[in-house]
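Chain by chain, the residues run as shown.
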Amino acid sequence: MLELLALPFFQNAILAGILVSIACGIIGSLVVVNRSVFLAGGIAHAAYGGVGLAFFFALPAFPTIVIFSVVIAIIMAALSLNRRERTDAIIGVLWAIGMAIGIILIDLSPGYNVDLMSYLFGSILTVPASDLKFMAVLDLIIIGVILFYYKNFIAMSYDREFAKVRGVPVKKLHFLFLVMVAICIVMSIRAVGLILIMALLTIAPFLAEQVSKSLLQMMAISSGLNVGFVILGLFISYFFDLTSGATIILVAGIFFVIFQVTLRIVKTKKAL
Amino acid sequence: MKNNASNRCVLKFYKVDFSFNGTKVLIDVNLEIYEKDFVAIIGPNGGGKTTLVKLALGLLQPNKGQVYLLGEEPSKSCHLAGYMPQYPTGEKGFPITVLDTVLLGTLPAGSKGIFFQRQAIEKARDALSLVGMDKLREKKMGDLSGGQIQRVLLARAIVSDPEILFLDEPMANIDISGQCKLFDLMADLNSRMTICFVTHDIGLLSQYVKSVVCVNQKVHFHKAPEITKDVAKLLMGESCPMELIAHGVPHRVLGSH
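Protein chains in written order, with the working numbering: chain A, 1 to 272; chain B, 1 to 257.
Since the hints were derived computationally from the structure, they do not count as laboratory data.
Just so it is clear, the structure is predicted and the values come from calculations on it, not from any experiment.
There's no promise every hint is true.
What the hints assert, rightly or not - SDA-like, lysine to any residue: derived pairs with alpha carbons at most 20 Å apart:
#1 B/218 <-> B/92
#2 B/92 <-> A/211
#3 B/112 <-> A/216
#4 A/270 <-> B/139
#5 A/267 <-> B/140
#6 B/139 <-> A/148
#7 B/112 <-> A/211
Said to hold, decoys possible - Just a sample of chain A residues kept apart from chain B, beta carbon distances all over 12 Å, derived:
#8 38
#9 94
#10 146
#11 155
#12 157
#13 258
Heads up, the beta-carbon is just placed ideally off N, CA and C, and yes, glycines get one too.
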């Protein structure tokens, strides 16, 4: 096992996993308490349109995807601001169209054909060292912004109307929140892929929420759980020669079931 | 006359219309509420009571007419008001303690960073003591009963020392003795602030109440109110014959509109 840790690609994979886990633990907690999982899914999938744009016009990949996703996030934020009816349907439309644009543009791109699977499940074992720096910077930005606006974010998430009456800038926070979701998704997409992003954004926060007394605690526990899932999943995938992203998800899934059952048993015992 | 409301107008509706999805909820509302008044907002379900409160706080915008809260547009002055919503809109599972919930009522002062200032914490604990919930301050909101949640939300509404307090159905989920205590507390707060509370239960108009606002699409204001069968009809509908039974309890009879 130690030999494995000495391999640079595996070190990079673990580092990338940790960075993505932290971002997804923090942002995922906000996504879950704001009941915005569908919105996050929409941004994550529509982001694929950015991938297509980058390939078709031979633009630098990361900046293009960042800008495209942030624009999508802003559109979705505007659509979801007043929680009108059918917002979810419109998000679904953007979700599908963004993804389709991405696939068609890549089809039309001359010569080169990226593997769609690598965007669905990521390629954490081939993350280059240069990406790690970029991810670390985005992690720091996410942590900084969340901690700075922490109380405002709780107010917005817990009771939006009350927050509005208090004069908390709920609209701005809603936009900021979804832009952060977009940034988190973009930094994670190459390493862990679309599907794993959704897993890291939802499974750990859902579990953490049940044992947390504050949003901060929920974010910390989520990030910790994510790190555990990713590292354990990476080892298992290496030793059994399995797809790393899917293995990580299954590790999280198994833990999810064990956790829920244990919690149920503990609660029943307490009630007796 | 026990109505000692002073002369400053704290809430004014001028020719306000409001519709929701094409349905008229409120029509031509004219209303003036003065400082230190203790107002019960009554009316049938769906009559527009909550809408009236949300218009007053700037959470909804009128289609026509103007609303002035403390002399200004509600969006500018709403932070000077206290608000206790009808339903806790936050979910049961939300990871937040009782104390942190009340602390949210101190925002946006000191809103940067993770921790609340000591001064804010002291204020929040005072507010919690006032509603008898300080002992449970470290409990998670999701572990409280409906009545306890109401009390915490009341503490959250008053922690900022508002000039005017809006309570939407504060008596729901609370038993009779709790309701009496709540009225005593509200009467006490009334010495410092104007109070407007929504109720659909006219049995709950305590002797402390100074004015009554009847809301059923149209709005009528009654000073030093009384209750009649006509009002009961308005509230309960024609199909529900009812009589008011009074047993040495102070009650009021309103004339018809």
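Within a Cα-Cα threshold of 20 Å, do residue 112 of chain B and residue 216 of chain A meet the stated pairing? 14 Å, holds
Check whether the Cα positions of residue 139 of chain B and residue 148 of chain A lie no farther apart than 20 Å. 25 Å, violated
Does residue 211 of chain A sit within 20 Å of residue 112 of chain B, going by the straight-line distance between their CA atoms? 26 Å, violated
Taking C-beta pairs only, is residue 146 of chain A more than 12 Å away from all of chain B? Label violated. Min Cβ-Cβ 9 Å, cutoff 12 Å.
Is the Cα-Cα distance between residue 218 of chain B and residue 92 of chain B 20 Å or less? Given that 20 Å is the threshold and the Cα spacing comes to 35 Å, the pair is violated.
With the threshold set at 20 Å, check whether the alpha-carbon distance from residue 92 of chain B to residue 211 of chain A stays at or below it. With a Cα-Cα distance of about 13 Å, the restraint between residue 92 of chain B and residue 211 of chain A holds, given a limit of 20 Å.
Starting from residue 270 of chain A, check that the Cα of residue 139 of chain B is at most 20 Å away, please. Distance ~16 Å between residue 270 of chain A and residue 139 of chain B Cα, so the pair holds.
Does residue 267 of chain A pair with residue 140 of chain B here, judged by a C-alpha cut-off of 20 Å? 15 Å, holds
Is it the case that residue 155 of chain A keeps its Cβ farther than 12 Å from each residue Cβ in chain B? The assertion about residue 155 of chain A is violated, with a minimum of 5 Å to chain B.
Verdict on residue 94 of chain A as a residue remote from chain B, using beta-carbon distances over 12 Å: 24 Å, holds
Checking the smallest CB distance to chain B, is residue 157 of chain A really beyond 12 Å? Answer for residue 157 of chain A: violated, closest chain B Cβ roughly 7 Å.
Beyond 12 Å from every chain B Cβ: check whether that's true for residue 258 of chain A. 20 Å, holds
The structure fails to meet hints 1, 6, 7, 10, 11 and 12 from the earlier list, while all remaining hints are met.
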